[in-house]
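Keeping their order, the protein sequence lines are chains A and B. When we follow numbering that gives the first Met the number 0, the leftmost residue of the first sequence carries the number 0, and every step to the right adds one. When we follow numbering that gives the first Met the number 0, the leftmost residue of the second sequence carries the number 0, and every step to the right adds one.
Keep in mind the hints are simulated off the structure, nothing from the lab. One or more hints might be untrue.
One side only, chain B facing chain A, incomplete, derived with CB under 8 Å [as the list claims (entries may be wrong)]:
| no. | residue |
| --- | --- |
| 1 | 3 |
| 2 | 4 |
| 3 | 6 |
| 4 | 13 |
| 5 | 95 |
| 6 | 99 |
| 7 | 102 |
| 8 | 105 |
| 9 | 116 |
| 10 | 120 |
Which residues of chain A face chain B? A partial, calculated answer using Cβ under 10 Å [what the hints assert, rightly or not]:
| no. | residue |
| --- | --- |
| 11 | 8 |
| 12 | 9 |
| 13 | 101 |
| 14 | 126 |
| 15 | 129 |
| 16 | 142 |
| 17 | 156 |
Backbone N, C-alpha and C fix where the C-beta goes; we use that ideal spot for every residue, glycine too.
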Amino acid sequence: MNFNGTFTQVISELVEHVMPALVIVRGHQYGAGAGIVWDANGLILTNNHVVGRHSPVVVLQNDGEYESRLIARDPDVDLALLSIEATGLTPLKPAPVSPRVGEMVFAFGHPWGQRNTVTRGIVSALVHAQNRRGDTLPIVRSDTPLAPGNSGGPLVNAKGEVVGINAMIVGGDQSVSIAASVASDFVKKAIGNGISMNKRAGPVPNDVI
Amino acid sequence: MTQNVLVELSDALADAAEKAGKATVLVNARRRMPASGIAYAADLILTADHILEREDDIKVVLADGTEVSAKVAGRDAGSDLAVLKLERAAAPVAEVTKSPARLGQIVLVLGRPSPDGIEASLGTVSAIGGPIRTGRGGMLERYIRTDSISYPGFSGGPLVAADGAVLGVNTSGLANGAAITIPADIAWKIADTLSKHGRIKRGYLGIRSQTVEISDATRKALKREQGTGLLIVGVENDSPASKGGFIVGDILVAVAGVPVLHHDELFTRLTGDVVGKSTPIEILRGGQPQTLNVPIGER
């Protein structure tokens with residue numbers, strides 16, 4: 000990826016780079032969140048709280064709807080990994096290093112059901128939250144406006160790399176994202192649990208209407 | 000390595016946060032959440048007055064995580080500023096801007112309410128206003144407003160330009176809880192007085208006045224283009240004004256050579272060096288300019 004040209008052009012190139020990896024994760028009963036294409040062969044990362052009791056439907060940018068299979072979920076890091084029967088997808092890469100306070104970030108998602116929304120901010124703070132297990136969880140706080148429907152979507156840096164998974168809103172002011180390093184570890188562990196990526200037997204995709 | 004204007008701006012903002020963040024400290028002087036402060040000198044911390052809910056057992060946490068005890072060197076409720084003296088000189092000193100804030104300028108608001116690290120939010124300068132009378136009995140000649148979010152505990156922290164220089168001190172204590180910024184030149188001047196004298200002197204004249212127009216003929220006698228002055232409608236007994244010779248009906252037009260057009264300007268003129276000194280005050284009496292030497296009192 001190479002961004003050139005004016006500021007406005009560079010931002011629209013960033014959006015074009017990230018958008019193909021943004022999906023809708025729709026539960027069977029109510030509500031919908033966002034998700035991130037994590038590899039070209041159908042791995043979708045989202046928040047655990049977006050996934051209901053049953054495997055949700057994943058809607059890609061081309062409007063293709065796929066029944067998903069739940070690979071792994073962990074309420075303690077609020078992450079879930081789904082797989083869909085699709086190939087040739089455009090995944091996002093996690094940032095190789097932790098973000099810096101002050102750097103620009105962009106949140107992608109579907110706040111209040113408004114599809115494919117981008118909001119801008121900076122990294123406000125790098126903090127640690129304690130989960131129920133007593134583990135400390137690295138959190139990226141930002142001043143980026145988030146709303147319900149952003150959950151599970153990516154927070155990316157100026158290079159289009161994932162720095163966090165948008166998770167929730169605290170007091171309406173501080174937006175909270177789970178650090179990308181947590182997501183990488185979660186995915187590695189989930190895949191390492193003996194699930195072969197090539198042999199998974201998922202349901203066939205629905206007809207595209 | 001991907002490099003473009005967006006990445007450059009992003010890096011510059013992170014650099015600015017890092018640079019100014021080194022001089023931004025945590026001030027723990029209240030029971031609720033700690034607040035922020037700025038290293039004014041290696042052993043002096045400039046912060047907001049309203050966040051000092053106690054004067055004993057004040058702790059300052061520097062950017063490198065070291066905790067230093069501090070005492071109040073001076074505080075002023077009117078401007079909501081205070082200066083703390085550190086037990087030992089240890090803080091990297093903040094760099095102050097050489098060019099004042101401009102409307103539309105990109106700014107960062109920094110704070111250190113938690114020992115976890117520096118915190119920031121982004122915005123632009125949305126208004127530069129003043130003078131305003133603060134909710135705490137003072138007068139602020141100029142203030143800066145931004146559209147950035149001020150998180151809890153950000154009072155006393157810096158408003159920072161994209162190059163990392165400090166543009167002012169943020170506080171939510173002056174405008175009914177709304178965050179405003181005291182411009183750095185004003186804040187540093189007050190900090191200088193507070194660190195030397197411990198308080199800001201506010202002058203007292205003992206007059207009641209109202210703004211009146213100055214007629215064309217009188218303006219000629221005054222020999223300057225001054226549209227309004229302050230008509231004296233009351234002089235308190237034994238006040239500095241009565242001792243200086245003020246009588247009802249005089250129009251106050253200047254203090255120490257500086258024209259005074261409105262009451263708020265008189266308020267501003269009566270602070271600082273003039274307090275306790277005999278000061279020339281220019282008046283109009285019967286349409287003719289006169290100068291009274293008035294020993295300005297202290298409130």
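Cross-check of the supplied hints:
{"no.": "1", "hint": "3", "verdict": "holds, 4 Å"}
{"no.": "2", "hint": "4", "verdict": "holds, 5 Å"}
{"no.": "3", "hint": "6", "verdict": "holds, 5 Å"}
{"no.": "4", "hint": "13", "verdict": "holds, 4 Å"}
{"no.": "5", "hint": "95", "verdict": "violated, 19 Å"}
{"no.": "6", "hint": "99", "verdict": "violated, 22 Å"}
{"no.": "7", "hint": "102", "verdict": "violated, 20 Å"}
{"no.": "8", "hint": "105", "verdict": "violated, 10 Å"}
{"no.": "9", "hint": "116", "verdict": "holds, 6 Å"}
{"no.": "10", "hint": "120", "verdict": "holds, 4 Å"}
{"no.": "11", "hint": "8", "verdict": "holds, 9 Å"}
{"no.": "12", "hint": "9", "verdict": "holds, 4 Å"}
{"no.": "13", "hint": "101", "verdict": "holds, 3 Å"}
{"no.": "14", "hint": "126", "verdict": "holds, 5 Å"}
{"no.": "15", "hint": "129", "verdict": "violated, 13 Å"}
{"no.": "16", "hint": "142", "verdict": "holds, 4 Å"}
{"no.": "17", "hint": "156", "verdict": "holds, 7 Å"}
In terms of the numbered hints stated before, the structure departs from hints 5, 6, 7, 8 and 15, listed from lowest to highest.
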